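Asks: So you can see what is in the structure, the chains are spelled out below.
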Amino acid sequence: MKRSWLILLVLTIALVAATYLVGLNQETRRGAYFAGVNLSLLPTSLTGAVGQDVPVQIWLNSVGKIDFVQTRLCYDNKLSFDATRTSDLVSVNGDYFTNVELAAVSHDQNGYAECVDLAFSSNKAVTNLATGAKRVATVKLTVRNSGSGTLAMIASKSQVSGSNPNASSNDMSLSIDSAGQASYNFSGSNDSGPGSVAHFKMAYLGLLPNARCANNWNLQMVALGNGVTKAFSAVGAGSTQISNGKVIFEFTKVLSGFTQTNNVALFLRGPKHLQMKYGAQNQGGMYNKAGGELTLTGNANTSTTYDFSAYPLLTGDVNQDGVINGVDFSTIKAETLIHKQVAVGANLDGDLDGDCMATNNDVQLFKTSLQEKQGQLY
Amino acid sequence: MQKSTVIKIAIPVVAALVIIESVVVLNNLTAKTKVPVQSPEEVEVASGAKNPVVTPKVTEAPQADMVFEVQNKSMKQGQGYPVSLNMTTRKNYQIDSFDVYVKYDPTAFEVSNLTFDPKLGKPTFSKVSSNTGLLVANIYLSSPKGLAVNANQDVLKLMGFTVTPKKTGVFNFEVNTGNGRGESATMMVENGTAKVIPFSSNPLEVNVSK
Numbered sequence: 001m002k003r004s005w006l007i008l009l010v011l012t013i014a015l016v017a018a019t020y021l022v023g024l025n026q027e028t029r030r031g032a033y034f035a036g037v038n039l040s041l042l043p044t045s046l047t048g049a050v051g052q053d054v055p056v057q058i059w060l061n062s063v064g065k066i067d068f069v070q071t072r073l074c075y076d077n078k079l080s081f082d083a084t085r086t087s088d089l090v091s092v093n094g095d096y097f098t099n100v101e102l103a104a105v106s107h108d109q110n111g112y113a114e115c116v117d118l119a120f121s122s123n124k125a126v127t128n129l130a131t132g133a134k135r136v137a138t139v140k141l142t143v144r145n146s147g148s149g150t151l152a153m154i155a156s157k158s159q160v161s162g163s164n165p166n167a168s169s170n171d172m173s174l175s176i177d178s179a180g181q182a183s184y185n186f187s188g189s190n191d192s193g194p195g196s197v198a199h200f201k202m203a204y205l206g207l208l209p210n211a212r213c214a215n216n217w218n219l220q221m222v223a224l225g226n227g228v229t230k231a232f233s234a235v236g237a238g239s240t241q242i243s244n245g246k247v248i249f250e251f252t253k254v255l256s257g258f259t260q261t262n263n264v265a266l267f268l269r270g271p272k273h274l275q276m277k278y279g280a281q282n283q284g285g286m287y288n289k290a291g292g293e294l295t296l297t298g299n300a301n302t303s304t305t306y307d308f309s310a311y312p313l314l315t316g317d318v319n320q321d322g323v324i325n326g327v328d329f330s331t332i333k334a335e336t337l338i339h340k341q342v343a344v345g346a347n348l349d350g351d352l353d354g355d356c357m358a359t360n361n362d363v364q365l366f367k368t369s370l371q372e373k374q375g376q377l378y
Numbered sequence: 001m002q003k004s005t006v007i008k009i010a011i012p013v014v015a016a017l018v019i020i021e022s023v024v025v026l027n028n029l030t031a032k033t034k035v036p037v038q039s040p041e042e043v044e045v046a047s048g049a050k051n052p053v054v055t056p057k058v059t060e061a062p063q064a065d066m067v068f069e070v071q072n073k074s075m076k077q078g079q080g081y082p083v084s085l086n087m088t089t090r091k092n093y094q095i096d097s098f099d100v101y102v103k104y105d106p107t108a109f110e111v112s113n114l115t116f117d118p119k120l121g122k123p124t125f126s127k128v129s130s131n132t133g134l135l136v137a138n139i140y141l142s143s144p145k146g147l148a149v150n151a152n153q154d155v156l157k158l159m160g161f162t163v164t165p166k167k168t169g170v171f172n173f174e175v176n177t178g179n180g181r182g183e184s185a186t187m188m189v190e191n192g193t194a195k196v197i198p199f200s201s202n203p204l205e206v207n208v209s210k
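Protein chains in written order, with the working numbering: chain A, 1 to 378; chain B, 1 to 210.
Calculated from the structure, these hints are not laboratory results.
Hints should not be assumed to be uniformly reliable.
[Stated by the list, open to error] Simulated DEER-style distance windows between Cβ atoms:
id	chain 1	residue 1	chain 2	residue 2	range
1	B	91	A	340	21 to 31 Å
2	A	108	B	91	18 to 28 Å
3	B	170	A	293	24 to 34 Å
4	B	131	A	166	40 to 50 Å
5	B	209	A	16	55 to 65 Å
Note that this is a predicted model, so its numbers are computed, not measured.
Cβ coordinates follow ideal geometry from the N, Cα and C atoms, glycine included.
Same shape as in the complex, but just chain A (with noise of 0.2 Å):
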């Protein structure tokens, strides 16, 4: 009879701890979120011309600390981001944040023409992580068209992470509980106004004497100078002379906005072309300082003569993605094999030396290129 008693007694304990445990709220697996965070931009209203590069800015809002941040920003047409100037365009808040750990640009994602994925991490000791309404990072976002559209963080492409109080738990990381946008309006191309003058001579790689088929050619720029940008997404019309066998193009080019004097670096990208970057008279290789040594004017009869036709824009990059490599070439030499040709002044991607046809020479071009280029690189 005592024992049945015990029994049952041991049964009613089991009984109440059992209820008391299902009302427990059991956060016990790996990968919970330890705490929120709101991710925002800012300005929320964006204005800008074409060509200009605008500056965006990330913040988190949340009551942890935060050592790392990724994010998707996306876009329409009217924005882009080059990838390959990313330590100009991107950023972070020194003050809690030390390494921009990715900034990958991709097409026809999320229902937008382009996002760039973007993550910061801090090395900073945890006292001195972020908290609570801080700056992450600045991007700047390049103007590529006219008119109105919204920029838009993405909440499921985010991820955030951090220190958790809790010493003994393995959760590190918050929830996005938020992700904000920003809208945008543009208007044409700022080119009317007053600005610095470049003045500068330049040459496209293996670019035939008698080719016909690069008049149209745009060459795009970017001025860099005291840590002030500006893109220009077309140089505009310059005169050629040939000398040595080699097209020389000779252009001068208000950089309307651009109001930098000396110091000066000019990224140039032509249309098949890496984007190279130019900061000394007579350049005859890779420039790979910081900064520049260009010094301009804002007058066109004193802003001296810049020669970079020793160091030629490489070509290769059909498809305009900021590298040379195979999907460029099996571009070239399918219309190569085919002997593809367009009329005169007409675009053939795998034409890289103007002449309105894609034939051997355009793939040993290519070659040439990649060699130059990877062995900067490598």
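With chain A's structure known, arrange chain B on it following the hints.
Replies: Chain B in isolation, oriented as in the chain A frame:
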């Protein structure tokens, strides 16, 4: 008599209640621990993060496999060992180009003697880059239809090299997939379509002792 009857009924009832409550507790735990399971091919980890977080990435299923081949993953400091990176495909392909980048630790290994499958011809560019810790080879095939690779049959040696360990420890060789700017991305491109062939690869872990 009544007391014993009560006990005879109460014990099994309470026991049953305990069992039911236990099941409810366990179910609650399971429901709250359900998180989406991502297969390794579907996630992207931003490099350098102290607490790496993953971003689900839409990827095509791999159609080729790159595998490191080495006789012995246990190596002795100062001795040379041949290693190769081989490739097989899961369906038939005609391939136009191979951009191969293998990441390694240049403080741990001396790498030399880059070789390639004779079917690939001479690379347009190849280099052991100790500056960047990358073995680089860019191979572009001029034959009109590229290189035919038969599924689950042909084994192509993309790159062979000799490694000489310089210090002890555990180190990796891995196929590099890019630096976020599109540079140094290993890829194979299909003839005719210019499409990149998705592939899978795993790092080679090497244990070096004195």
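Asks: Hint by hint, where does the structure go against what was stated? Just the numbers, ascending.
Replies: The structure breaks only hint 3.
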